[in-house]
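Fit chain B with the ligands to the supplied structure of chain A, relying on the hints for placement.
As they're listed, the protein sequences go chains A and B. 1 is the number of the first residue of the first sequence in full-length UniProt numbering; add one for each residue after it. 1 is the number of the first residue of the second sequence in full-length UniProt numbering; add one for each residue after it.
Because the hints were derived from the structure by calculation, they are not lab data. Wrong hints could be hidden among the right ones.
Treat identical chains as interchangeable: a pair holds within one or across any two.
[What the hints assert, rightly or not] Straight-line Cα separation of at most 27 angstroms, DSSO-like style, residue types lysine-lysine; simulated pairs:
1. Lys97 x Lys172
2. Lys211 x Lys14
3. Lys312 x Lys100
4. Lys100 x Lys174
5. Lys211 x Lys97
6. Lys211 x Lys42
2 protein chains.
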Amino acid sequence: MTNTLVVEKAKTSKIQDVDFDNLSFGSVYSDHMLVCDYRNGKWEAPKVVPYQPLSLDPSAKIFHYGQSIFEGMKAYKDEAGDAWLFRPLENFKRLNKSAKRLAIPELPEEYFMEGLTTLLQLDKDWIPQNPGSSLYIRPFMFASGTGFHASPADEYKFIICTAPSGAYFSGKVKVLIEENYSRAANGGVGYAKAGGNYAGQFYPTQLAIEKGYNQVIWTDDNSHEYIEEAGAMNVFVRINDTLITGPTSDRILDGITRKSILDIANEEGIATEVRKISVHEVVEAAKTGELKEMFGAGTAAVISPISAFGYKDTDYDLPELQNSYASLLKKRITDIQYNRVADTFGWRYKV
Amino acid sequence: MTNTLVVEKAKTSKIQDVDFDNLSFGSVYSDHMLVCDYRNGKWEAPKVVPYQPLSLDPSAKIFHYGQSIFEGMKAYKDEAGDAWLFRPLENFKRLNKSAKRLAIPELPEEYFMEGLTTLLQLDKDWIPQNPGSSLYIRPFMFASGTGFHASPADEYKFIICTAPSGAYFSGKVKVLIEENYSRAANGGVGYAKAGGNYAGQFYPTQLAIEKGYNQVIWTDDNSHEYIEEAGAMNVFVRINDTLITGPTSDRILDGITRKSILDIANEEGIATEVRKISVHEVVEAAKTGELKEMFGAGTAAVISPISAFGYKDTDYDLPELQNSYASLLKKRITDIQYNRVADTFGWRYKV
Ligand SMILES: Cc1ncc(COP(=O)(O)O)c(C=O)c1O
Ligand SMILES: Cc1ncc(COP(=O)(O)O)c(C=O)c1O
Chain A
1 MTNTLVVEKA
11 KTSKIQDVDF
21 DNLSFGSVYS
31 DHMLVCDYRN
41 GKWEAPKVVP
51 YQPLSLDPSA
61 KIFHYGQSIF
71 EGMKAYKDEA
81 GDAWLFRPLE
91 NFKRLNKSAK
101 RLAIPELPEE
111 YFMEGLTTLL
121 QLDKDWIPQN
131 PGSSLYIRPF
141 MFASGTGFHA
151 SPADEYKFII
161 CTAPSGAYFS
171 GKVKVLIEEN
181 YSRAANGGVG
191 YAKAGGNYAG
201 QFYPTQLAIE
211 KGYNQVIWTD
221 DNSHEYIEEA
231 GAMNVFVRIN
241 DTLITGPTSD
251 RILDGITRKS
261 ILDIANEEGI
271 ATEVRKISVH
281 EVVEAAKTGE
291 LKEMFGAGTA
301 AVISPISAFG
311 YKDTDYDLPE
321 LQNSYASLLK
331 KRITDIQYNR
341 VADTFGWRYK
351 V
Chain B
1 MTNTLVVEKA
11 KTSKIQDVDF
21 DNLSFGSVYS
31 DHMLVCDYRN
41 GKWEAPKVVP
51 YQPLSLDPSA
61 KIFHYGQSIF
71 EGMKAYKDEA
81 GDAWLFRPLE
91 NFKRLNKSAK
101 RLAIPELPEE
111 YFMEGLTTLL
121 QLDKDWIPQN
131 PGSSLYIRPF
141 MFASGTGFHA
151 SPADEYKFII
161 CTAPSGAYFS
171 GKVKVLIEEN
181 YSRAANGGVG
191 YAKAGGNYAG
201 QFYPTQLAIE
211 KGYNQVIWTD
221 DNSHEYIEEA
231 GAMNVFVRIN
241 DTLITGPTSD
251 RILDGITRKS
261 ILDIANEEGI
271 ATEVRKISVH
281 EVVEAAKTGE
291 LKEMFGAGTA
301 AVISPISAFG
311 YKDTDYDLPE
321 LQNSYASLLK
331 KRITDIQYNR
341 VADTFGWRYK
351 V
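If we strip away everything but chain A, and leave its shape as in the complex, we get (with noise of 0.2 angstroms):
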């Protein structure tokens, strides 16, 4: 450990009052939290100290520039008691490359890492053991420099949170995929989980659920033809036996749950293809019947399977499979996630 951690302890711990049989997603928050500042040039040594409300000037150009990053992460706990991180180094790594787009200042990777163990070993009885719950973790930076010039702050904060959460969305994901809105520019930041990512999705959203949705697939900004990803997840489609997800690119968040089932699913045999997915398709297949599966993927998420698509005033439903990819490759993910089974592929961390 970098011997400049220092830990400020909460005197009196709020876990009593958590309902760990009902928790809902990102709520409530632990007992500490971890918190970095970025001034003269520098990243200062992180604190672990008490959850706690923050002191800004309103003049920070948080809230006027938007300049500010996040990542999102979960600690697992196995049936031991043990408590496990999901490829933790990924979420590092986009940390920075989000920080680089976005002008604020990369942060060394023992803060990283050594603050988040450090984090979870003082809270880790905030991590639930309940089926299908974890610890959601919340690291994030943002300017908290002052000044209404539009340009990058000097001054940065860097703060990881945590808040025991269930499911993410409570049953099966009824989508719209979009013809008007999109989340991302050609040469922008849809790449880097920035903040300002996400705000500009809520009003579509909103008008997808006031007309029954749960949730928009986003379409690329220009033509709307092409299948990009869902508010926090990418997206994959099954025609018959093949397992298709778009390529990554600057409009896309490259995901690590993504990335991970992609893994899963050659290792399982099940034929995958990284490309380019029409709309005009994906219709096309569900009319035959070709289209077997949908599913979202996000640490969030997890694997969330889509019962029905709208497009174009059509709801499109799909069917119900027995033997579906999206149960499989959950299990699989998760197995590995809780430690249930053996680790072939290297990613879990114990924390």
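For chain B with the ligands alone, coordinates are given in the frame of chain A:
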């Protein structure tokens, strides 16, 4: 005035610390600010309070999902010491247009207008009288409600801060016409003053600054063949004696300066065109000498003449003109703003 607007005065003023002869842009803040909270489904009555830090939970959605919007206005002081706003209702309307796109609840007009005028009357001494200076006004709204679920917050804050300010750019501006990065997607949030639109520009702008430019001129994300706008300015091009600016769209901010300039130019008998401007056309006109002027137009930057533009590793200098449109239009608009001439358009608003 709404009889609900509460004013809590600062005990001491910080005004004696301010060097009004050497004001930078937006980096010192006046004694008071307006704060308005959205809670339980409604905007509560605004309060004017001493300028002070904000306390927010680390899970407030502003830190995670970029759900924030802002406006930029100025208060101008005339020779008699009276204070003026320029088309403030336009800012109010645009704020609510942005709010809608970002799934933020719209604000009642009287909260904005009465809050603003009360604040300005109280901090009237902060409006500079020095030539070229003004009180920059920053209304902003952001998600203070909490949760890691990527969905709109249930609580928001609307705040107005003010900052006595000098020029946004020092001197003429050298711009780079962007070929790779972009600012906005079709169907995205480019037309809204959403925080995330600005953070996304920082990195490409830094790259341009490293190459010796001050600012990027954004092009469309699909072909990069058409000029859109600059960081916080709309762009005008003069070819021969015609003044041209691009049409607004869902990618481009509908600038108040831009439309005022069009009105003034029409009144001055200057031929104007609102149509797509191709990069090719601008480069060709620069080569033949038909490109007479380029300038940016926005509240912060007023009218900022462009001295040269770079495109595909070549720089194109713009001529020094005796009777430039930029100078004429800048004089006309600032004369109206500072109450130096009659306001035939009805744009001035007395504080
Ligand atoms: C836009 C977007 N796409 C995809 C994903 C899935 O990425 P990962 O599997 O790394 O969680 C996420 C969530 O993290 C996301 O925000
Ligand atoms: C992206 C963008 N374009 C143009 C403008 C100019 O708009 P206005 O003239 O209303 O200030 C601004 C600044 O306000 C802006 O942020």
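The hints, checked one at a time:
For a Cα distance limit of 27 angstroms, the shortest separation of Lys97 from Lys172 qualifies neither inside one copy, at 32 angstroms, nor across copies, at 34 angstroms. Taking CA atoms no more than 27 angstroms apart as the test, Lys211 paired with Lys14 passes in neither setting, with 39 angstroms inside one copy and 53 angstroms between copies. In this assembly of identical chains, the alpha carbons of Lys312 and Lys100 lie at most 27 angstroms apart only when taken from different copies (24 angstroms versus 38 angstroms within one copy). Taking identical chains as interchangeable, the C-alpha atoms of Lys100 and Lys174 lie at most 27 angstroms apart only when they sit on different chains, with a minimum of 24 angstroms there against 35 angstroms within one chain.
In the homo-oligomer, the alpha carbons of Lys211 and Lys97 lie at most 27 angstroms apart only across protomers (22 angstroms), although the nearest pairing inside one protomer, at 36 angstroms, exceeds that limit. Taking the closest pair of Cα atoms, Lys211 and Lys42 come within 27 angstroms of each other only across two copies (24 angstroms); inside a single copy the shortest separation is 48 angstroms, beyond that limit.
In this structure, the earlier hints numbered 1 and 2 are contradicted, and the remaining ones agree with it.
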